[in-house]
Amino acid sequence: MDKLLQVDNLVTQFRTAEGKLSAVRGISFSVEKGETLCIVGESGCGKSITSLSIMGLLPSNGEIAEGSITFEGEVLTKKKEEELRQLRGNKMSMIFQEPMTALNPVFTVGYQLREPLVLHQHMTKRQATDKAVDLLEQVGIPDPKKRLKQFPHELSGGMRQRVMIAIALACNPSLLIADEPTTALDVTIQAQILDLIADLKRKMDMGVVFVTHDMGVVAEIADRVMVMYAGEVVEIGEVKEIFNNPQHPYTKGLLASVPNVDDEHHTLESIPGSLPNLNETIEGCRFHPRCPLATDRCKREDPPIFDVMETHQSKCWLQEVNVHDKAATSS
Amino acid sequence: MVSLIVRRFFQLILLLIGISFLVFMSMHIAPGDPASIIGGPTASASDLEAIRESLGLNKPVLVQYVDYLSGILQGDLGYSFQTNQSVADAIMTRFPNTLNLAIASMIVAIIIGVTAGIISAVKQNSWFDVSSTTIALAGISIPNFWLGTMLILLFSVTLQWLPVGGLNAPFYTVEGIKQLILPAITLGTGSAAMIARMSRSTMLEVIRADYIRTAKAKGVRQRGVIWIHALRNAMIPVITVIGVNFGALLGGTIITEQVFAINGVGRLMIDAIAARDFPVVQATVLLVAALFVLVNLIVDIIYALIDPRISYD
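Protein chains in written order, with the UniProt record's numbering: chain W, 1 to 331; chain B, 1 to 313.
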């Protein structure tokens, strides 16, 4: 498969009254064509900031301080704002968490849907309207001609998210970034939207970066999973590996905190403590204060990323032991 | 929309009747007898009685009010105690001047206020933002009689670029525009400052909204994001401020007309109050009140036009 998106050692910082704070601390990952990568982690772990960094949509006090982002062979981090603008909504698109507020309340659905088509594909209003009708049909909105003339407040949350998806997919992007697109929706609508995204991904052969904190959603749609904690990638691997053979104590904690109705003896666990503040300096592994398995070494030294398998990595000292064991048994 | 206009029209009539009553009564309660002003210091008691008789001032106040009201309903605003001229004529000759001044000031206020407010918000904490916020604070604080006098000193007396006062050339001629510039700036500054502050704060809120991020994610250019996606949303509260300010501005015409020697309704009202010229005072106050209500009706209609979520039906 071809590399669609390659992120290397990305550091994203924010200028604040307390100085520069890093929200993303040197993460690397890649997304291939036709693949869905789920980024999971608690609120504030840097998953949304990672996606905004890729889109070039960081708030005005944020900046990419180090590292590079390569998209379809072009280095985005070296591009000027105008070049990035021409890619946004065109080759790469994003949908957001809040469908209720993500659409502009004073413009019709039709206007907002035609906008990327007119901007990037230089369509006339008429061509764009025809295409908009097709797009609304594709995302499963009945009576699209009528919907084009309506305003966002006349649509339900699920409908609005469908419209957002239609806008994002208007120019056939090769990368779709979805930042918790189902979090604000009813469970039944959630499933419909997830199916829709998966279906359109297959049809259009897009790469999808799907940000979520919901492990149920991950199981549903991910090909690969990247677990983030406090601005770092702690574990990354194929979805089956992550669910069946999680290595990092944080990933194990996340999976243990998902309710299970099938097993009546299942006790719901939580990860004690909370995410460190951005300005907190932590010696050693950033997870050690909350880690049930932390050793003295974890308090002193920050672990590197170890290979569990070729397609599965974990950033934990426990892995070193496992790697040694494997080496010992194989010799 | 039509039902709104009809409803407001009836409200307007009720409101004007109420205002006419208040003005009528307050003029009669206030000290100062029109008869003695007209008759002068040498008039005898019987002269004063004759004057009162001729003006209808010797009838009971309520009867006078009912007479007055029935006159208005027939389109008769009465005659000036001072000049005996028809009040309607007196107002019609002066009203265009006041209206030109008010509209010109509002245009100045909206253009300067909205532009400064938006640039301030987009470039928050820049030198432009800091200086425009400071100037806006000064603009709200400066009394307009002082500002008018200073502008005259600078642009008319020292630089001799613009006329000292008067407003007699039609507004569409070069001379008319020159005559309007200083009074419009004098009267519009306070409103410009209020509008700038409001535009800045609502714009700051709007540019952080989710739908602005969506517009950027779609690849809309920065100026499209600001002047199309953000502006229309930010204008909704600003229009309220513009409507309210128009009322203050109508009051401000009184002083500005005085400073620039403009023959307008404001001056007519001031002179009439000094002379206890009841019919003129009542008519001018009613006119200003009616204008204020009309402007607020227009504001409500503009709301519905720019925000599809607002419906009056």
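Think of the hints as simulated: they come from the structure by calculation, not from any bench.
Where hints are given, some of them may not hold.
Per label pair, the in silico range of CB-to-CB distance [to be verified]: (1) B/Leu294 with W/Arg126: 35 to 45 Å; (2) B/Trp227 with W/Lys80: 36 to 46 Å; (3) W/Lys80 with B/Ser311: 54 to 64 Å; (4) W/Asn260 with B/Pro237: 41 to 51 Å; (5) W/Ala65 with B/Ile107: 21 to 31 Å.
Where a beta carbon is used, it is the ideal one built from N, C-alpha and C, also for glycine.
Hint by hint, here is what the structure shows:
1. B/Leu294 with W/Arg126: 35 to 45 Å: holds, 40 Å
2. B/Trp227 with W/Lys80: 36 to 46 Å: violated, 22 Å
3. W/Lys80 with B/Ser311: 54 to 64 Å: violated, 44 Å
4. W/Asn260 with B/Pro237: 41 to 51 Å: holds, 50 Å
5. W/Ala65 with B/Ile107: 21 to 31 Å: violated, 47 Å
In summary, the structure is inconsistent with hints 2, 3, 5 from the numbered list given earlier, while agreeing with the others.
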